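Line by line, the protein sequences give chains A and B.
The first sequence lines up with residues 1 to 565 when you count with the UniProt record's numbering.
The second sequence lines up with residues 1 to 304 when you count with the UniProt record's numbering.
Worth flagging that the hints you see were computed from the coordinates, not collected in a lab.
Here the structure is a predicted model, which is why all the values come from computation and not from measurement.
Hints should not be assumed to be uniformly reliable.
[Unchecked claim] SDA-like cross-link-like pairs, simulated, lysine to any residue; straight-line CA separation at most 25 Å:
1) Lys-24/A x Asp-88/B
2) Lys-215/B x Leu-64/A
3) Lys-24/A x Ser-125/B
4) Lys-215/B x His-156/A
5) Lys-24/A x Glu-132/B
6) Lys-189/B x Arg-66/A
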Amino acid sequence: MKSDAPPNVDLLSVTGLTASFHVKGRIIPVLHDVSFSLKAGETLALVGESGSGKSVTAQSIMRLMRDCSIGGRVELNGKDLLSLSRRDMARVRGREIAMIFQDPRMSLNPTLSIGVQISEVLQRHRGLSAAQARAEALRLLDAVRISGPSRRYDEHPHQLSGGMCQRVMIASAIAGEPRLLIADEATTALDVTVQAEILTLLRELQNETGMAMLVVTHDMGVVAEIANGAAVMRQGRIVEFADTQTLLTRPADPYTQDLLASVPKLGSMAGQAAPRYFPVAGKVPAATDCVVAGQDTILSVRDLNVRYRSRSSFLGISKGSNHAVRGVTFDLRSGETLALVGESGSGKSTIGRAILGLSPVTSGQVILAGQEMTSLRGEPLRQARRAAQMVFQDPAASLSPRQRIRDAISEPLRAWGETGDINAVVHDLLVQVGLEPEMADRLPHEFSGGQRQRICIARAMALRPSLIVADEAVSALDVSVKARICNLLLDIQRQTGVACLFISHDMAVVERLSDRVAVMRNGAILEIGSRRDVFESPQHAYTRALLAAVPNPVPRTSQASISRQ
Amino acid sequence: MLNFLLRILRSVLVLLGVGCLIFALIRLAPGDPVTLLAGPTADIQTVEALRIQLGLDQPMGVQLLKFLSNALRGDLGESLVHRRPVLDLILYALPQTVYLSICALFTALLVSVPAGLVSALRPSSAADRLAEGVVLAAQSVPVFWVSILLIQLFAVRLGWLPSSGNDQWAAVILPAFALSILQWPLLTKTVRTAAISVGSQDYAKTALAKGLSSKRIVFIHLLRNMLVPIVTIIGLQTGAMLSGSVVTEAVFAWPGIGTLAMASLLARDYPTVQGIVLFSAAIVVTISIVADALSLIIDPRLRS
């Protein structure tokens, strides 16, 4: 523990911080008069949606951005960081303030061993010799709960899981014994159970070292889990600054209220049978606002197995195989939503692709709208695929940047030789997904992320399919946008009776949207049943662990009292 | 390791294919080596006797099998013109070309690495414009013409450098420079792309956030990651370097493999041409294997 500053003096104080990007000779302001402060040993969260300036604020404190001018004052223990020379600033980074980032795999250098990436900080900032640094790095690896540190020391990042990489990042961050640790969306890219482990680790390390933390996140659940206080950001400004308890229970700013209202809360659907709309902009949906599933079976999957063989490039020698999907069986009725939930690598996306014939099926049957899919090849397969359409995670990547959205939406129609007034169909589809028909001649980059996902949904609906496979379709969207896109999917289901296979890792969204849930792990379905059964009385230990790991936007103190009751 | 052995086996197959191709191609070209060798005054009997003596009367299939099986044992036959083993001719000329190519490669790196870095770090600065202009000019101008201008200026007008041959150490400067020009555009672009992509990676930001010294960030964290594409491109460009040396060696009268190839082609010296092509192919294949092995050393991700 090192706290030479008295506890009631601010460790970090940010006053009137501004930042502007220089883009092609133009100056674009992104932060306006941001002020907040943080005491030693405390945790402050910067919360906001994408583009709110929360990451820019964190990186401005560290002066990590290029082509960006920063104004205002950033004081660490009374020292103004913005006026330091580059050389002096390099002595602050890693020593007094350390930072960890969103994607742990990308944040570690792929060509250096993880041990080197920790000990270089020790050599630089604590003046240790190479041998001392190695010993200390091993201790740090142990401190971040990596088993067998001496075995791991010489391994490279690609040999470690994402969660382990983030542990290594944390080890290299605390190596310089910083007073402040900035975590920029540090758990966003991790599976929910791993996220819970990392949050626990950060809390424990904070208790051991007394460092302060600045946590940048979009997730109100993470705020509740870890922060003492939070600053809500929007469009480069702080709109509300309060302690966590107050913020989560009595938010003062209308934007914060909206944001909190759109966050899906696990357990909020207790006692409900059918999927329900998200409350958007203060409107609470009526109990009757729900989608009722039909009776016709649209999709039957029987004992599906997908096995990938990894071949060496020469002579096709098999080097083993990866059993991605193991004996999966389920049915899906019209108007029904079945959620496939699981962590990364559980095989849920592979099932979605196998249904459309996009992944090779090793054995088993897929019967889609009465057609057995796995035996079809070539033109008959193409014909059969018409019944199912897909919506992907990243709407920007799934639209061609050079194709006007009229052409993008009508492409399936033209590919199937539909005659008649295609423009009228595009018009109706745009209205259906809540976009202006006049937007048809724009290009994808002229739309926001949420609008682009609406376009992808319109394109998927163009052929009036009987099944939509939504593969993490709302995962990359901001909370407020996510709620609206979920409502749109429910709307469309109500109007058209389309069945939906909803592939997601987000338990809270799944709880809202699905009629039935299948929990997957290592390619197999562990548990399948009605949403109420799975969420309210989970049978499998893994399901319970998955549910328990979801951070809920409820203050920790009251969480504790709930669990005591 | 198994992969590597397979790779070498496959390379031998590639070389056998190249052998068949060059064997056929050179015989499809008009002109008869025996007539050329015997001279315009020789009568038919002399020519036919010579043909039998050289083994060129045998069926094509037999000649091909003989050539390939001998080549596998390292025997490339005897030159029709010089009456010496082809291998000796090649081993005499090759070091000259290798020396020239290495000098050219270093010259190219001297030009391309700074030019690529400047355009990556200071886009649309004066230095970037200059680098871009020089590279564009290099791409557009025929090498033999630049070579002649270089001789005109540095050898004839200024008298600083020798214009041809290899009897002085300074003689390598002009041909190496001329040969390197071919490599500038691609190499500069590769360095630029590598620098931009590595600089925008998250681990570059991490290195900065750790407060490491600039020297360590550049040389330990960034450079190594930049090397993989650069090594790959250099490996791929060896072939271009070898074919480029034919022109350059001719202009500067450099006694390398290019000059030997030129002379042998004009004389329809079948065994020598076959030997040179086979040897050049072997060099290209070897260097690409070496480049891949280097990539494996540089980037641990490629090892799994």
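Right, here's what the structure says about each hint:
1. Lys-24/A x Asp-88/B: violated (61 Å)
2. Lys-215/B x Leu-64/A: Within the cut-off at roughly 17 Å; holds.
3. Lys-24/A x Ser-125/B: With a Cα-Cα distance of about 13 Å, the restraint between Lys-24/A and Ser-125/B holds, given a limit of 25 Å.
4. Lys-215/B x His-156/A: The hint holds at about 22 Å.
5. Lys-24/A x Glu-132/B: holds (19 Å)
6. Lys-189/B x Arg-66/A: Roughly 22 Å separates the two Cα atoms, so the pair holds.
In this structure, the one hint that does not hold is number 1.
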